[in-house]
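Given only the sequences and the hints, what does the whole structure look like? Please build it.
Here our numbering is used: the first residue of the sequence shown is 619, the next is one more, and so on.
Since the hints were made in silico from the structure, they are not lab data.
Check each hint, because a few of them may be wrong.
[As the list claims (entries may be wrong)] Cβ pair distances, simulated, as ranges:
| no. | residue 1 | residue 2 | range |
| --- | --- | --- | --- |
| 1 | Leu747 | Asp657 | 14 to 24 Å |
| 2 | Val739 | Pro823 | 53 to 63 Å |
| 3 | Ala645 | Glu837 | 53 to 63 Å |
| 4 | Thr872 | Leu678 | 20 to 30 Å |
| 5 | Arg840 | Asn760 | 45 to 55 Å |
Since this is a predicted model, take the numbers as computed values, not measurements.
Where a beta carbon is used, it is the ideal one built from N, C-alpha and C, also for glycine.
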Amino acid sequence: MSNEGNHLAARRFSSGFAQSLSESLTAAAGDSWNLQILDSPSPSARPGSPVYFRLTIEGLLSGDFFVEFNEPQVSELASAICGHALQAFSNEDGEALRKVVSAAMSRFSSSLPAECNVTSVKVQRVPSLAFSDLFEVPLIANREDLSGMPVRFHFTSELLESLSSGQGAKNDAGGKRSQIDPVNLNLVLDVELNMSLRFGQRQLPLRDVLELASGSVVELDREVDDPVELLLDGRVIARGEAVIVDGNYGLRVTEITEPITSNFVR
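Next up, the structure:
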């Protein structure tokens, strides 16, 4: 996998984890937080010593990455989380934020595809970055009364390779990748899509089609007990049993043929 592919995989991973971290910060601090990925580090970063958290992932997806904050912002954030007055950075502040990062990673890992098979994640505060040649993803965290807090994710080469191989394995055989940026997907979640049920199909010569009339019977290629297919834009995304709901046909889904997000290529 090329460096470009590795870096793209890291930014996609960052988008998902940033969403989970935003939700965990919001739950812990009691007000709304939003983390956005930047194209380059924020020039408005406040001075202060960095505070690092190391996340060690084990499973088919494995490796380390680091979340970096700065002491002044951590102190302000910890005062909101712990409910105490603003004070100089302390170990208590670091532990409060570690718990938030840990909750975010638990939330995020549970949403990863099954093929990633994350078996464990260890989150600990560390004094410095333990590796060289890390790939950095800069972000900015915003809240109404505490805006412009710089955050950085740092990825090890091991995790980059693991991300790339894990995200591309399913689609490499077909020569293309069906990955999606959760941030971009959120922009179109309210768009309505046409879906249809298919009970079966049959190929007929034109002669037979022209002879169709009221009362004609067309035999389909499915048995009565075969599952009904749910189609999105001509592609089968699920199968199930036909049911009646308030006088209308419906489908009770029994099988998802592939991750539905794979139908939306970034």
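Practice task
Please test the hint of 53 to 63 Å on the beta carbon pair from Val739 and Pro823.
Solution key: Given about 59 Å between the Cβ atoms, the range holds.
Exercise for the section: Could you check the hint for me, namely that Ala645 and Glu837 are 53 to 63 Å apart, CB to CB? Expected result: holds (57 Å)
Handout entry: Whether the CB-CB distance between Thr872 and Leu678 falls inside 20 to 30 Å
Key = holds (27 Å)
Problem - Cβ separation of Leu747 and Asp657, checked against the hinted range 14 to 24 Å - result: With a Cβ separation near 22 Å, Leu747 and Asp657 satisfy 14 to 24 Å, so the hint holds.
Problem - 45 to 55 Å as the expected CB spacing between Asn760 and Arg840, which holds or is violated - result: Holds, since Arg840 and Asn760 (Cβ atoms, about 53 Å apart) stay within the stated range.
When the structure is compared with the earlier hints, no violation turns up for any of them.
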